[in-house]
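Trainee: Listed in order, the protein sequences are those of chains U and H. Using my numbering, the first residue of the first sequence is number 1, and each one after it goes up by one. Using my numbering, the first residue of the second sequence is number 1, and each one after it goes up by one.
Calculated from the structure, these hints are not laboratory results. Please note that the accuracy of each hint is not assured.
Selected chain U positions facing chain H (in silico; Cβ < 10 Å) [what the hints assert, rightly or not]:
(1) H22
(2) G23
(3) A53
(4) I62
(5) S68
(6) D140
(7) R148
(8) C149
(9) I168
(10) R230
(11) R234
(12) I346
Glycine is no exception: its CB is placed at the ideal position from the N, C-alpha and C atoms.
Number of protein chains: 2
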Amino acid sequence: MNIEGPVCPVPLSRYPAIVMAHGGGGRLMRDLIENAFISAFGAVGDRPAHDSAALDLPTARIAFTTDSFLIRPLYFPNADIGELAVYGTVNDLAMGGARPLYLSASFILEEGLPVDTLMRVVQSMSRAAADTGVAIVTGDTKVVEKGRCDGMYITTAGVGSLECVGTIGPAEVREGDTVIVSGDLGRHGIAVMAVREGFAFGTQIVSDCAPLWDPVQALLASGAEVHCLRDLTRGGLASALVEIAESAHIEVTVTEEAIPVADAVRSACEILGYDPLHVANEGRFVAFVRSDHADRAIEALRTCAVSADAVSIGRVTARGEGRVLLRTVGGLRPVDMLSGEQLPRIC
Amino acid sequence: MNIEGPVCPVPLSRYPAIVMAHGGGGRLMRDLIENAFISAFGAVGDRPAHDSAALDLPTARIAFTTDSFLIRPLYFPNADIGELAVYGTVNDLAMGGARPLYLSASFILEEGLPVDTLMRVVQSMSRAAADTGVAIVTGDTKVVEKGRCDGMYITTAGVGSLECVGTIGPAEVREGDTVIVSGDLGRHGIAVMAVREGFAFGTQIVSDCAPLWDPVQALLASGAEVHCLRDLTRGGLASALVEIAESAHIEVTVTEEAIPVADAVRSACEILGYDPLHVANEGRFVAFVRSDHADRAIEALRTCAVSADAVSIGRVTARGEGRVLLRTVGGLRPVDMLSGEQLPRIC
Chain U
1 MNIEGPVCPV PLSRYPAIVM AHGGGGRLMR DLIENAFISA FGAVGDRPAH
51 DSAALDLPTA RIAFTTDSFL IRPLYFPNAD IGELAVYGTV NDLAMGGARP
101 LYLSASFILE EGLPVDTLMR VVQSMSRAAA DTGVAIVTGD TKVVEKGRCD
151 GMYITTAGVG SLECVGTIGP AEVREGDTVI VSGDLGRHGI AVMAVREGFA
201 FGTQIVSDCA PLWDPVQALL ASGAEVHCLR DLTRGGLASA LVEIAESAHI
251 EVTVTEEAIP VADAVRSACE ILGYDPLHVA NEGRFVAFVR SDHADRAIEA
301 LRTCAVSADA VSIGRVTARG EGRVLLRTVG GLRPVDMLSG EQLPRIC
Chain H
1 MNIEGPVCPV PLSRYPAIVM AHGGGGRLMR DLIENAFISA FGAVGDRPAH
51 DSAALDLPTA RIAFTTDSFL IRPLYFPNAD IGELAVYGTV NDLAMGGARP
101 LYLSASFILE EGLPVDTLMR VVQSMSRAAA DTGVAIVTGD TKVVEKGRCD
151 GMYITTAGVG SLECVGTIGP AEVREGDTVI VSGDLGRHGI AVMAVREGFA
201 FGTQIVSDCA PLWDPVQALL ASGAEVHCLR DLTRGGLASA LVEIAESAHI
251 EVTVTEEAIP VADAVRSACE ILGYDPLHVA NEGRFVAFVR SDHADRAIEA
301 LRTCAVSADA VSIGRVTARG EGRVLLRTVG GLRPVDMLSG EQLPRIC
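Only chain U is shown next, with the shape it has when bound in the complex (with noise of 0.2 Å):
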């Protein structure tokens, strides 16, 4: 982090909850820096604190990108807004292409929410970036009158190195290119669902909230020509693809049993009347991958626990019209996005 705090902060547990001087500046938002962020986040080597952080990147090359998380539960079965924050972000410049190494994070926290909710959130955000290899480098913290907030929203922006050879994103995309997922669909959304309306579905559904650096830098290493990446977050895979074949102009088509849904999830949104092709995913993401290179691409992601499940689910089929199709028994069905989405506030 790159502020120092006071000499001598007011100890922070004398404020079990966070009030509206917590962000006016002055003393008790020193401490509160002090004693949640800097000791969760670490100061950035020895540098003075200062307004912005002063960094030495390996690249003038960079990705940067930024998300705004405002999930409702702050805790959701496997990880937590604080998690969230930090892969979603983490995610987008991998999906760039590019090695995550800074975030930046900006706290707007509702005056009454408890302060061990904070430090239980920054400690999350802490072991996120520790296991994805970046450093929380730059923060902000502003604190709204009870009712303007759900208790904390979430803002990080990140930096990353560009280490790819090519350009990486949706003008790339050729026709014949396959399209692969990295693993099975629907569990973020699904999983969230269930906590925030109180449904059971027999097994418990898991978000499959991760960081996706990994598997893109094993797919990269493979020397597979990799054309265009997209997590699969709000809108779904229904989403992603047609935005790419939109913007490619490109027609796209899907086979349905190949896409990969989990049993428990499949029957959760038969009950609810979802289609798994929109639900919200934060540990997945499609590749748009030369096809002749597409079985060297699988089994680069294989070899990631996370993306272990890889598998093709169709290719690109034309180039003109911006569409995506679905191939079923019944046969080919017109694939969109919705208007808005199932379940909203999902990150």
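Add chain H to chain U, keeping to what the hints say.
Mentor: Structure of chain H alone, referenced to chain U:
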């Protein structure tokens, strides 16, 4: 912006207010991104749309920072939350001696927010970015239920290139350094308070909200040895000086009558019982400069309109104990930061 929109977006005009689906990852969100953000911020060159922006920096030595903005009201005399969100982050980069280059912008929108309000703020951000020479290259949009936000919260993060030869920060401050402020204090805090509370003070006081890279650049180009820079936001001059004094373990002595405060601001502070040293600014900063370079530094600052009234207010009088002293007609008195602040939600 690093996200391309759909081929045929639904007209935004069909939705006069933000609905939950604008944050859902589907069609309506694509439409909002296309019509509000990409049309205002532009695409990044001819780069393909993606989850992160790919950037070529002039140097691998960067500054990185973030801030969330949740000021109430969204508009205030001389600026609005959009300009504040751009200048606030630009200024944190400038205070590290970095040329601001790229910003991310993450929006948390309240269900029911008039789309016109969002468009006005986005236009302000676009103008502010152009004025400052920065590009807004990546972003995120989330929507929360009515009441769970206050119109909109904006989080920006920034990347800048470090151009100064030495390091700028509290650890560089030396005994004997001259302390310079870039202009008169307290305009932003009083301007916002006046609108919020419905006060009138005869003369309308307008916010000092402004970008500060130009004066920093002039200062660095003057050849004056600059040791530390800090913008005087939440907590005002007092908090900035105390923070620097405590983290650098120095004693700073400033002279009350040398500290510039406009008559209208001074009167307002007297009426409200505020100390101008604690009132927030958004276009003022303090510089610690080698004392025999102070004249050169002040001359350089005065070449920029935003710092035309730059003036020396004191110096670093000792090493050891971190504290700030104010020389008044009645003698020396210690200055401390407040526990919180006088006016919450000021930025």
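Trainee: All hints, please: hold or fail.
Mentor: Here's how the hints hold up against the structure:
Residue-level restraint check for H22 (chain U) holds (minimum Cβ-Cβ distance to chain H is 8 Å; threshold 10 Å). With 10 Å as the threshold, the beta carbon of G23 (chain U) comes within range of chain H, its nearest partner Cβ sitting at about 7 Å, so the hint holds. The beta carbon of A53 (chain U) comes within 5 Å of a beta carbon in chain H, closer than 10 Å, and the hint placing it at the interface holds. Contact between I62 (chain U) and chain H, as hinted, is supported at the beta carbon level, the nearest pair being about 5 Å apart and thus within 10 Å.
A distance limit of 10 Å between C-beta atoms decides the matter here; for S68 (chain U) the minimum to chain H is near 4 Å, and the interface restraint holds. Interface hint at D140 (chain U): satisfied, since its Cβ lies 5 Å from the closest Cβ of chain H, which is below the 10 Å cut-off. Here the hint on R148 (chain U) is kept, as its CB sits about 5 Å from the closest CB of chain H, short of 10 Å. Interface hint at C149 (chain U): satisfied, since its Cβ lies 7 Å from the closest Cβ of chain H, which is below the 10 Å cut-off.
With a cut of 10 Å, the hint placing I168 (chain U) at the interface with chain H holds, because the nearest CB-to-CB distance is about 8 Å. Checking R230 (chain U) against chain H by beta carbon gives a least distance of about 7 Å; that is within 10 Å, so the hint holds. Given the 10 Å rule on beta carbons, the hint for R234 (chain U) holds: about 3 Å separates it from the nearest Cβ of chain H. At a threshold of 10 Å, the smallest CB-CB gap from I346 (chain U) to chain H is about 8 Å, leaving the interface hint in force.
Of the numbered hints stated above, none is contradicted by the structure.
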